[in-house]
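So the sequence lines, in the order shown, correspond to chains A, B, C and D. Residue numbers 9 to 96, in the numbering used here, belong to the letters of the first sequence in order. Residue numbers 9 to 96, in the numbering used here, belong to the letters of the second sequence in order. Residue numbers 451 to 1178, in the numbering used here, belong to the letters of the third sequence in order. Residue numbers 355 to 588, in the numbering used here, belong to the letters of the fourth sequence in order.
Hints listed in this document are in silico derivations from the structure and should not be mistaken for laboratory results. Built from N, CA and C at the ideal position, the CB exists for glycine as well. Treat the hints with care, as some may be off.
Said to hold, decoys possible - One-sided excerpt, in silico: chain D residues whose CB lies under 10 Å from chain C:
#1 R465
#2 G497
#3 H557
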Amino acid sequence: MRLLARVTVLPKPLINDPQGVTVRQGLHHLGFDEVEDCRVGKYIELTLDSESESSGRNRVMEMCQRLLANGVIEDYALEVSALQEAPR
Amino acid sequence: MRLLARVTVLPKPLINDPQGVTVRQGLHHLGFDEVEDCRVGKYIELTLDSESESSGRNRVMEMCQRLLANGVIEDYALEVSALQEAPR
Amino acid sequence: MNVAVPSDEKLREVALTRAEYHSIVDQLGREPNDLELGMFGVLWSEHCSYKTSRPLLRRFPSGGERVLQGPGENAGVVDIGYGLAVAFKVESHNHPSAIEPYQGAATGVGGILRDVIAMGARPVALLDSLRFGPLPGSRRHLEGVVAGVGGYGNCMGIPTVGGEIYFDESYRGNPLVNAMCVGIVRQDQLKRAGTGRSGDSLILAGAPAGRDGIHAASFASLELDGSSEQRRPAVQVGNPFMEKCLLEACQEALDLEGVRAVQDLGAAGLTSAVAECAAKAEAGASIEIDRVPRRERGMTPYEVMLSESQERMLLIVEPGWEERVGAVFDRWDLEAVRIGSITGDGRLQIVERGVDVAAVPVRVLADGAPLRHPVSRAPEPAPTPSAPEPAEDAGATLVRLLGGPNLCSRRPVFRRYDHMVGNATLLPPGGDAAVLRVAGTPAALAMTIDGNGRYCRLDPLIGAEIAVCEAARNIVATGATPLAVTDCLNFGNPDRPEVFWQLERAVDGISRACEALGLPVVSGNVSLYNESEQGAIDPTPVIGMVGLLEDASRRVPQALQAEGDFVLLVGENAGGLEGSELAAREYGVQTGRPPVLDLLKEQAVQDLVLQASRQGLLRSAHDVAEGGLLVALAECCIWSGIGVRCSALQADGEVRQDAVFFGEAQSRFIVSATSHGLPELQSLARGLKVDLTLLGLAGGDRVEFDGQLSVPLSELRTAWDRGLEADA
Amino acid sequence: MRFGVVVFPGTWSDRDCGWVVEHVLGEELRYLWHKDRDLAGVDCVILPGGFSYGDYLRAGAIARFSPVMESVREFADGGGLVWGICNGFQILCEAGLLPGALVRNAGSEFRCQWSHLVCDDAGSAFSNRLSRGQVIRVPISHGEGNYQADPATLSRIEQGGQVVFRYCDETGRLADGANPNGSAHHIAGIRNERGNVLGMMPHPERCAEPELGGTDGRLLFESALHAARERVPA
Ligand SMILES: Nc1ncnc2c1ncn2[C@@H]1O[C@H](COP(=O)(O)OP(=O)(O)O)[C@@H](O)[C@H]1O
Ligand SMILES: [Mg+2]
């Protein structure tokens, strides 16, 4: 079955996040003073073929561990769902 | 109230996404041949103070339009939820 | 023949006039089909056909002993000795950068790199000439463009070593982004696009074609469903990593005997690349459109032929060499596909699944666009208001000018560009021209890019002459001899008689100055229709120039070198407020005449500086440009951290004091010399009949003119350093 | 001595490193293609600067899986000299040959400029010609050179004396303004425990000749020469 995986990657809480700081400053500069904290990471959307949702999830988790996230500085989260039809 | 906003930003569907292409190739290279398509964007987590969820959502949408996403080449999506306690 | 002319709407979508349509029908002897019309639309556009500017460009001097390739190829090429040549060209990416600053600038850099690569050269340096509306309004554009230039060049590993940035009302809504690339090529490896022969294979390498950059309102959109229109991205996203691979693979492929030529895909994509190769070879070409790799499903031949997807090259390969070429690209993990061949019948033929979908004479497509001759009319001269009384305190004026956005330090910009990669940068950005050594030789290349929209607005002829002279001065200041010019003509809509007049005058100005200085124009680019709601931009010819330093160790720095050195003004001690930064910024005077330029005097002054540098008489040299003598002198001090003590300065004749200090009289340099060198320098100047004025001595920590001004260097430095950050 | 310079598709300091090895030092040079496993018998592997695979996702993320890196890992495990410069440092961290990671510069901007470094460990294979506390001037050129690690890792490498270079001002002070990318503890370069693997963001290959503005970089190359001689007596 065809799956859509949505992976989010964020810097770990104890790791400095220079991009988050820059974005927060930028938002304050534009008058969005209500923003207290900001962290910037990556969002990755994958379409993949797999036997089942659970096997697909396992594969994507493996992808995260090996490539998509760097465990030393980043945490990741993922969601996998079935895709109805071929994309596009 | 204190809100958590989760913003995902992706290149628009027909825009060239060199990052996505390179990551897909990288995944294939590692043996994840089941990956058909890959798009890479940004993930941003914000904590903010707002009167209500709906006003917070509107503000974050504005932030997306003005800074977080580049409307010419990117699409964004957002989720806003109430935060129970102060983060960290 | 009874011609069924398409609707106005259809013609507008391919940007052709009714008359041009008739011309196509005449030359074809039939009506074009939709695909053919689309190809005519892009190739007969101003951008590709130069139908308005071509007659003017013929006025440029373009020959010379050292010229190996003048205008007309992907880049100009000039002999630098040792069996080597320098290939260079400038290109505008104004409109894309206005829509999306980062990607517009990035893909502009990518495009100019491919032009130089196509000559068989290895790019060694980039330069960028940028113009924006005033800060802070233009901050977003500035940031995006700078990030885009850096993002592409840095990733490619090509140093960005020079450029210029100006802020002016006239560019609000229509910023200018011109990028220049300089490459080095062994003369025996020089490639030209027009060397294909019938039977040669056409191999397309690099990125797959997407629906990028197909002119937003395109003819073929009529064939598509309504929603597909929006699905065509107006902006192209560059992939510098792929371009790096493409660069290396092309270099390796060019070592193969069977590779005759390489042609980049730029504006008008495959259509232009194939038509140009075929036209220059006086041949035809046949394309099997199904073989062209695609990024999207369901692309029509029209979309494939017009796609402007980046990072693609077309190789012209002798039959039998295809596999070896393929293997090279494979090594770099790039796709390289044989998509057709050069033919002998002079036609560009597109075949889809065995059926001809287009077949038109290449000559008509590539060179058939009727030239345009718009009306030219000089604008009414605006009255010149008289300047107010000079400010009391020249020191305070100096601090303000140095901290102003047009004169302040560009370090916040060029520190975001890798300007050192390649281990060649002897004089980095920040001075006049950058100087890069040529590996394996004692020589070095100097390079710069310069323009001045304000002078050109006041008089495009003189402004353009000054642009050429100023670029040459920047080269000469480093001790290098100017070799040749590449130019980028940024103008408004030429259908406005005043704009066309500006264009003509500017071209004449470039021609005159180049002739006087013995400089050929070997490449260039024209960008018209630079307009916003406020009207046309200031006429802005931008001059890129490359010079040769036979002995790299003889290069001259711009900063003062040691306390006790004599500091001198080369050229007339004259002043005039005409067209100056002072008049514009401090007095709000935007009209009048540009500074006076005497090309004979210019030559003599440049001669003096060159001869003196060759004889080792100069410790430093820096040209006097915007902001005049005092600003130039202050820069020499700021760069070195050494102050200067001068006696009071009065100009020859009756001249206001502010004009002496800040006037932009032309053909001048600030130089420094040791006490040993001074007498020789003076006699050299006498011999060449060039004025030489002793200003004072290097030393101390202030810029001082006895009784006239005294400013601490630290104050100047702070203002200069912070200028770009301030939202003034 | 034979230096090997690894070439990934997006590498560009390979030529600069190669230039110093061949033309400045007059030593033997081999380029090592990322798809090959053979290290050609080199005495020192340099992983040079560049954008190995475009540095999409994270700098060095994809490069670490290339065939040549398997051999580099074995070579390092056997005590071979491995020197990661700029992108090479990022790759060594991604590959786990060095601890920590390099993230986006503080301020999020690319920086190309001269920087001062103070040597904090003269024991590594690449700093043995320096003395502890010596200040050298070396250019940086990167957008992701901000060294970060979790607190435990940081204290471990500090205690182990693994920090070889720190950004400083010209007097050697770790002044606030003298940290061009926001690195933790001003870290510019670290070594592994054994001292045969060094990663650093600054570019010593850009300052090995006076006409390029400085020669301090040469000391690092000479350190490697010295270390190689010690290791394999001629
Ligand atoms: N956009 C830029 N990119 C790189 N270098 C720049 C840029 N703008 C200015 N510079 C550098 O800053 C220095 C000063 O620029 P400018 O004032 O325009 O010089 P000049 O008046 O001598 O032409 C030059 O060395 C120039 O190359
Ligand atoms: Mg100058």
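Against the structure, the hints come out as follows:
1. R465: At 6 Å from the nearest chain C Cβ, R465(D) passes the 10 Å test, so the hint holds.
2. G497: 7 Å, holds
3. H557: 7 Å, holds
When each numbered hint is compared with the structure, no violation occurs for any of them.
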